[in-house]
Amino acid sequence: MFSRAYKTVVTAPPLAWVTVFLLVPYLLMFCYSFWSVSSTQAIIHTWNLDNYRELLRKSVYWETLLRSMWIAARVTLFSLLLGYPLAYFLSFYAGSRKDLLYQLVIIPLWVSYLVRAYAWKTILGSEGVLNTLLQYVHLTKHPLDFLLYSPFAVVLTLTHIYTPFTILPIYAALEHIPRNLIEASHDLGAPPAQTFWKVIFPLSIPGVLAGATFAFVLSLGDFLAPLLLGGPSGIMISNIVVSLFGAAYNWPLGAAISLCMLVLVVSLLFVSERLEKKWSFS
Amino acid sequence: MELLVTNAAGDLPRSRWLLIHATAVFAFLYLPIAVLVLYSFNKQGVGGFPPHHLTLDWYRILFADEAIWDSVLNSLKVAFAAMAISLTFGVPAALALDRAQFPGKAVFRRLVLLPLILPGIITGLSLAMLFHLALIKSSLATIIVGHGTALISVATTEVFAGLQKLDRAQEEASLDLGANYWQTFWRITLPNLKLSIIGAALLIFTLSMDEIAVSFFLIGRDNTLPLEIWGRLRRGITPEINAISTIIFVFSLITIIFWYRLRMRADSGGDSGIGLLETSQEAIE
Numbered sequence: 142m143f144s145r146a147y148k149t150v151v152t153a154p155p156l157a158w159v160t161v162f163l164l165v166p167y168l169l170m171f172c173y174s175f176w177s178v179s180s181t182q183a184i185i186h187t188w189n190l191d192n193y194r195e196l197l198r199k200s201v202y203w204e205t206l207l208r209s210m211w212i213a214a215r216v217t218l219f220s221l222l223l224g225y226p227l228a229y230f231l232s233f234y235a236g237s238r239k240d241l242l243y244q245l246v247i248i249p250l251w252v253s254y255l256v257r258a259y260a261w262k263t264i265l266g267s268e269g270v271l272n273t274l275l276q277y278v279h280l281t282k283h284p285l286d287f288l289l290y291s292p293f294a295v296v297l298t299l300t301h302i303y304t305p306f307t308i309l310p311i312y313a314a315l316e317h318i319p320r321n322l323i324e325a326s327h328d329l330g331a332p333p334a335q336t337f338w339k340v341i342f343p344l345s346i347p348g349v350l351a352g353a354t355f356a357f358v359l360s361l362g363d364f365l366a367p368l369l370l371g372g373p374s375g376i377m378i379s380n381i382v383v384s385l386f387g388a389a390y391n392w393p394l395g396a397a398i399s400l401c402m403l404v405l406v407v408s409l410l411f412v413s414e415r416l417e418k419k420w421s422f423s
Numbered sequence: 021m022e023l024l025v026t027n028a029a030g031d032l033p034r035s036r037w038l039l040i041h042a043t044a045v046f047a048f049l050y051l052p053i054a055v056l057v058l059y060s061f062n063k064q065g066v067g068g069f070p071p072h073h074l075t076l077d078w079y080r081i082l083f084a085d086e087a088i089w090d091s092v093l094n095s096l097k098v099a100f101a102a103m104a105i106s107l108t109f110g111v112p113a114a115l116a117l118d119r120a121q122f123p124g125k126a127v128f129r130r131l132v133l134l135p136l137i138l139p140g141i142i143t144g145l146s147l148a149m150l151f152h153l154a155l156i157k158s159s160l161a162t163i164i165v166g167h168g169t170a171l172i173s174v175a176t177t178e179v180f181a182g183l184q185k186l187d188r189a190q191e192e193a194s195l196d197l198g199a200n201y202w203q204t205f206w207r208i209t210l211p212n213l214k215l216s217i218i219g220a221a222l223l224i225f226t227l228s229m230d231e232i233a234v235s236f237f238l239i240g241r242d243n244t245l246p247l248e249i250w251g252r253l254r255r256g257i258t259p260e261i262n263a264i265s266t267i268i269f270v271f272s273l274i275t276i277i278f279w280y281r282l283r284m285r286a287d288s289g290g291d292s293g294i295g296l297l298e299t300s301q302e303a304i305e
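So the sequence lines, in the order shown, correspond to chains U and S.
If you use this note's numbering, the first sequence corresponds to residues 142 to 423, in order.
If you use this note's numbering, the second sequence corresponds to residues 21 to 305, in order.
Among the hints, erroneous ones may be present.
[What the hints assert, rightly or not] Each computed DMTMM-like pair below joins lysine to aspartate or glutamate, with the alpha-carbon atoms no more than 25 Å apart: (1) S:125 <-> S:191; (2) S:185 <-> S:118; (3) S:63 <-> S:86; (4) U:148 <-> S:118; (5) S:214 <-> S:118; (6) S:97 <-> S:260; (7) S:185 <-> U:240; (8) S:63 <-> S:260; (9) U:419 <-> U:316; (10) S:97 <-> S:86; (11) S:214 <-> S:196; (12) S:125 <-> U:414; (13) U:339 <-> U:324; (14) S:214 <-> S:191; (15) S:157 <-> S:90; (16) U:148 <-> S:196; (17) S:185 <-> U:316; (18) S:97 <-> S:242; (19) U:239 <-> U:324; (20) U:339 <-> U:316; (21) U:418 <-> S:118; (22) U:148 <-> S:191; (23) S:63 <-> U:268; (24) S:214 <-> U:240; (25) U:282 <-> U:268; (26) S:214 <-> S:192; (27) S:63 <-> S:85; (28) S:185 <-> S:196; (29) U:148 <-> S:90; (30) S:97 <-> S:85; (31) U:148 <-> S:192; (32) U:339 <-> U:414; (33) U:418 <-> U:316.
[Claimed, not checked] Label-pair restraints from in silico Cβ distances: (34) U:389 <-> S:190: 53 to 61 Å; (35) U:146 <-> S:100: 15 to 23 Å; (36) S:81 <-> U:407: 44 to 52 Å; (37) U:415 <-> S:90: 42 to 50 Å; (38) U:179 <-> S:118: 46 to 54 Å; (39) S:51 <-> U:415: 37 to 45 Å.
Everything labelled a hint here was simulated from the structure, so no lab data went into it.
Heads up, the beta-carbon is just placed ideally off N, CA and C, and yes, glycines get one too.
Build out the structure end to end from the sequences listed, making use of the hints.
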């Protein structure tokens with residue numbers, strides 16, 4: 142029912158904008174990753190694999206990448222452990238408070254990320270709220286210094302930030318389970334635990350996968366929390382890209398790392414999408 | 021599901037455990053923000069328990085702090101301009117995805133949504149490379165392009181969701197009765213998408229006001245609010261930052277509640293707020 146002209150008018154402008162400001166930059170980053178910098182910090186446009194060789198040779202890069210993945214894995218696990226029972230509670234037990242509680246999950250999702258990361262910094266510092274509280278109630282004599290500037294602080298903060306991202310897809314999956322399936326399981330004499338593990342949990346797996354993917358991918362690429370709370374032992378891969386962009390001024394190497402992250406993230410999304418399809422029942 | 025709660029007597033302890041767990045998770049999500057707000061009134065500084073000498077001094081200092089308010093103004097400019105760009109290209113993109121067939125459509129759909137799920141630094145770095153090669157100096161304008169581009173995804177997903185609920189017959193009737201496409205768009209399509217577009221605008225505004233990863237690579241001389249705060253955090257922290265954070269929190273709270281209400285009006289389904297997440301995932305498949 143829509144004419145050719147209509148379709149062209151709605152298609153061409155966004156296509157052009159996205160090509161120039163999204164596709165071309167990503168391709169440019171791909172090119173940069175095969176270029177290098179001279180000693181005078183000019184970009185040399187000759188093609189070589191030096192950046193990738195450097196990534197494999199220097200252990201700091203892949204160690205940081207592995208550490209980032211380990212941090213992201215813990216964040217994902219804790220977010221799921223916190224998120225799943227809450228989503229389950231919301232879907233099956235919240236009753237008339239469902240709507241209000243749902244909003245309480247949505248709010249932290251959108252409330253300033255910087256504000257929340259900063260809040261944790263004020264809580265975990267050596268003279269922060271938690272340490273002074275512990276000393277005030279005489280639980281400790283000296284400030285616990287593992288609280289701030291450690292991978293622990295990064296995992297805690299990122300778990301706080303990404304837990305709502307896991308709750309929402311799990312909740313949506315639970316809400317989509319036909320209730321008569323659960324009734325049928327009860328009527329056939331299955332105890333609640335069996336109904337959960339044999340009916341509810343398998344049907345909620347697509348939501349779990351979606352939530353886990355969000356938590357993992359988003360925390361993997363985080364650079365604010367590690368810089369604010371991580372200290373030297375909590376540095377993540379994005380921090381290296383940022384420092385290569387700024388002080389070190391080695392954009393090509395930064396591009397090579399970014400490209401590795403991009404490939405990693407896109408393949409993760411691909412895999413999780415496949416798994417979700419496999420587990421969805423409709 | 022009342023059925024589950026009342027079904028078996030043995031089920032009750034389970035609901036109690038779940039309630040305790042839910043309360044603990046909500047405490048984990050909200051206590052840090054409460055602490056932040058509390059200490060914005062604390063004379064002694066950002067730490068130290070118990071807080072004493074509650075005061076409004078930090079807010080007085082904040083309101084006299086010109087650098088902060090300059091950065092707020094910059095952030096507002098960026099957010100409104102980014103909103104304009106995202107909607108200008110995001111709304112037609114949703115129409116295109118809904119109604120047109122063109123080569124590369126599948127790639128386009130995924131590409132638009134990528135910035136939402138990719139680490140912000142990748143989008144930021146790649147745009148910085150583009151501007152560098154085009155000899156464009158970093159300024160608020162480059163940040164605007166960065167935010168505008170990255171947030172097209174928000175406009176597209178929200179409006180696309182709105183289009184799925186749109187009654188096609190109205191548009192058909194309008195065209196049959198002799199209105200042209202332009203008139204039909206302005207009088208039928210757009211009014212029907214009003215709630216989706218306002219919702220998208222609110223989200224874009226909120227996300228842009230808070231954006232830091234993309235901005236970091238595109239910043240010129242003028243700071244946005246998050247980057248100004250970021251710079252101060254590295255120099256040492258005072259409750260003045262708690263004060264501005266409290267104000268940011270209150271504003272994002274108001275915006276989000278407003279957005280949520282709109283969303284509930286737009287669709288009476290229970291999925292509000294996760295459509296965005298779901299579609300951004302589908303995008304990559």
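Q: Starting from residue 339 of chain U, check that the Cα of residue 316 of chain U is at most 25 Å away, please.
A: holds (17 Å)
(Q) For a C-alpha distance cap of 25 Å, please report whether residue 125 of chain S and residue 191 of chain S respect it. (A) holds (24 Å)
Q: For the pair supplied as a hint, residue 185 of chain S and residue 316 of chain U, confirm whether the alpha-carbon distance does not exceed 25 Å.
A: holds (20 Å)
(Q) So if I understand the rule, the pair passes when the alpha-carbon distance is 25 Å or less; does residue 63 of chain S with residue 86 of chain S pass? (A) holds (21 Å)
Q | Distance restraint between residue 97 of chain S and residue 85 of chain S, which requires alpha-carbon spacing of 25 Å or less | A | holds (19 Å)
Q. Is the straight-line distance between the alpha-carbon of residue 339 of chain U and that of residue 414 of chain U 25 Å or less?
A. Answer holds: residue 339 of chain U to residue 414 of chain U is near 23 Å, not above 25 Å.
Q.
Need the status of pair residue 148 of chain U, residue 118 of chain S: alpha-carbon distance at most 25 Å?
A. With a Cα-Cα distance of about 10 Å, the restraint between residue 148 of chain U and residue 118 of chain S holds, given a limit of 25 Å.
Q) Given the hinted pair residue 418 of chain U and residue 118 of chain S, is their alpha-carbon gap at most 25 Å? A) holds (23 Å)
Q) Regarding the pair residue 97 of chain S and residue 86 of chain S, is the alpha-carbon distance no greater than 25 Å? A) holds (17 Å)
Q: Using the Cβ atoms, figure out if residue 415 of chain U sits within 42 to 50 Å of residue 90 of chain S.
A: holds (49 Å)
Q) Within 25 Å, alpha carbon to alpha carbon, are residue 148 of chain U and residue 90 of chain S? A) violated (42 Å)
Q. For the pair supplied as a hint, residue 282 of chain U and residue 268 of chain U, is the alpha-carbon distance within the 25 Å limit?
A. holds (13 Å)
Hint compliance for this structure: hints 29 and 35 are broken, all remaining hints hold.
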